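J.: The lines below spell out each chain.
2 protein chains.
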Amino acid sequence: MTISYNKINKLEAPHQAKCEVKIGDSVESLDTPVLVVELDAFEKNLLGMKQLVQEAGSKLTNQPTIRMRPHFKTHKSPAVAYLQVQNGAQGICCAKLTEVEALVNGSYSSVNWDILLTNPIVGEPKLVRLGKVAQQMKSKPDHPLLAICADNVQNIHDYLRIAKEYDVQFNIYTEINVGQNRCGIDNLEEFVQIVQEIVKNEPQLHFQGIHAYQGANQHVRSYDERRHNVVGPIKQRLEECLRLLNEQNITCPIITGAGTGSFQFEIESGIYNEVQVGSYLFMDVDYTLNLGQDDQLVNQFGQSLFMYSRVNSINAKSDICPRLIVDAGLKSLSLDSGLPWVHAPEATEPLEYISQGDEHGMIVPKGATKFQNPDQFKLGQIIKLIPGHCDPTINMSTHMVGVRNGKVETIWYVEGRGVGL
Amino acid sequence: MTISYNKINKLEAPHQAKCEVKIGDSVESLDTPVLVVELDAFEKNLLGMKQLVQEAGSKLTNQPTIRMRPHFKTHKSPAVAYLQVQNGAQGICCAKLTEVEALVNGSYSSVNWDILLTNPIVGEPKLVRLGKVAQQMKSKPDHPLLAICADNVQNIHDYLRIAKEYDVQFNIYTEINVGQNRCGIDNLEEFVQIVQEIVKNEPQLHFQGIHAYQGANQHVRSYDERRHNVVGPIKQRLEECLRLLNEQNITCPIITGAGTGSFQFEIESGIYNEVQVGSYLFMDVDYTLNLGQDDQLVNQFGQSLFMYSRVNSINAKSDICPRLIVDAGLKSLSLDSGLPWVHAPEATEPLEYISQGDEHGMIVPKGATKFQNPDQFKLGQIIKLIPGHCDPTINMSTHMVGVRNGKVETIWYVEGRGVGL
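Quick note, the sequences are listed as chains A and B, same order.
Quick note: the first sequence uses full-length UniProt numbering, first residue 1, plus one each step.
Quick note: the second sequence uses full-length UniProt numbering, first residue 1, plus one each step.
Since the hints were made in silico from the structure, they are not lab data.
The structure presented is a predicted model; accordingly, all values stated were derived computationally and were not measured.
Incorrect hints may have been included.
In this list, chains with the same sequence are indistinguishable; a pair is considered to hold if it fits within one copy or across any two.
Below are the EDC-like pairs computed for lysine to aspartate or glutamate, each with C-alpha atoms no more than 16 Å apart in a straight line [stated by the list, open to error]:
| id | residue 1 | residue 2 |
| --- | --- | --- |
| 1 | K317 | E189 |
| 2 | K378 | E124 |
| 3 | K317 | D186 |
Use the sequences and the hints to build the structure in full.
T.: So, in structure tokens, the structure goes:
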């Protein structure tokens, strides 16, 4: 099945985007560095996740419906989120208010987005924005409530005040620390106090469930260890939470969490009924290194995202340092999870990317001091790179270009990008 | 001396910026994460560099005039570049065409910018943009020529074609590899060929000099080693270049390079007559670690740039992991040169920032397992961070806020930000 991008392509580009690319342009004509999504692989990932979630859910004896709520923070593009909700997603997760605003006010503002903001919102400037965006959502017919997280009683007091001030209601998830030691409640007595505080403040606030995400577990290489973490200590902690709520006669409709590296285990645990997958659409070097049950690299999803760069200086025959310099550096590629890989199956030898600063990367023969055949490289040639970490890399670009058969078929604007302001 | 920002503040914000900050706002009212420039320190750095360059130049026996051409890639803000040319700078360096376009078409398009683009421009999409922006510069009265770099004969052929097509002229610098092994000519025979090719193609192209920048040397910690690299091997290589040009009766008007970590040595070498300083305005952790002649930390410039973040989750008394979580992660702070430092002189103990992903950082007591006084911290409190590396951190923000005495005095838009498109 091939998806048509005609409807998406008819939308106006958001005013903040600067993009000279046109539908139908050839890949060779693109200015670089540019994020290119190869659509055949992308669509296989998009539809493949829907199937994998259904399959994993069907194995459960208690047969809950597993909801898929992909993470907007991966792509920050309303166009891509729209493709996800058209293809099996219940709604969307956002990590930041900026992302919620991009969905509610951006190119796809006509969609009735079902949004879960997966972080507590703190500080008066953000609380005001929260009230405003919830009010905008409310102005649409049959609007879903904006869902937000809390890990402190103070959050509940703030949300209640804002709900009254802006005449809105919120769905609230309590965030539990399940091993990442980031946001989230450590002390389960506090957890119960917070939930009681939410329930007490109906109808402005509704207790919707528990947010329990373990980011670090996504990149544990061993299959058994990744699985153990979820179906062992995380499951145990959440069962303890449910037991405590049960003592209070409080129902917990949803337990949400999981990512591309672990979602099958969260489903298997039988305690999660919503999975927040994200990177599966694109993949990156970091995810590619995860191992499956057979100790081989996981290959459920294929690499669809590439940074196309150009050789802008060539010293392939140099006696000092044989190298190609490309125009993609750390202002276009996030290096937090390691360096990008070079994807050049047509080259006579494996190539390696070495960081050379803000605007440049260096390409050298991997494990050798000289290129076998330096004449195969040309100034201006396009070199494809696989980003080390997809989310923060996409965050640096204003747009991504979807290509098939060497032609641009669609352009997606990263409308929710930014530092989080 | 205090600089007035009234004129800058009257300019329209560029349309791509989204910024709720207003002049006169209190620091506490700012949404976070936000880049804050403390103006007293900033102005001291701005004027201090002018004086240091003059002083270093005055010690030379052959008395050349040392030109200061600060690097736009540090701040990417036409407003800041304007302050630099008002305070001793001859012109501006840009690393990317996007930056040149931001100066020529941005908020300060009325200024006759004297620009050196410090990289070779390669590939048809960028060459077309080069022609267009040079044509825009030409349309202004008394316009300076756009200066660009070349490290390949193919560059010269491309520039000549574009110069004819767009009816413009370019000043050309040849880029020499002086040890960084990035762009730049390795083989000095090729260097002479390229210069001959430029000279042959007057009047479209003018040979303006040599670009010789050693980025890695900026962060060599030892004073003696930093100095040796410049006045030793780099000077030698450039003298060899001049000797070869002399044999061809070709004059080399300018040798340009240097950065905040080494500019005094480039001036001392007697061979450079232009210095491309940048980070001195703001400073960062990486520059702070450089040592002076006395083996003490260099303190010529003070830290003026901070990322203000808010505590958005607090578990300061936790038995699992005592921590504060702040809302500035790797989408607002570039970690390429290491983690940010916490600047909290009012805290009872040293604090440490630990990366916690795209949107979060963790603050813990440095070298201890518990906070001495956990009650000193509050949810929503502002924590000031010193970025590890200023340039790519600023590149992630749409604006910086200049403050004095706790009030916003000016707002600078990072108009030249982006991946380089």
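J.: Are the hints correct? Go through all of them and say.
T.: Hints, one by one, checked against the model:
Within a single copy, K317 and E189 get their C-alpha atoms only as close as 67 Å, which misses the 16 Å cut-off; across copies the closest is 14 Å, which meets it. For the homomeric pair K378 and E124, the shortest alpha-carbon distance between copies (14 Å) is at most 16 Å, but the shortest distance inside one copy (54 Å) is not. With identical chains, the CA atoms of K317 and D186 are at most 16 Å apart between copies only, with a shortest distance of 10 Å across copies and 58 Å within one.
Consistency note: the structure conflicts with none of the earlier hints.
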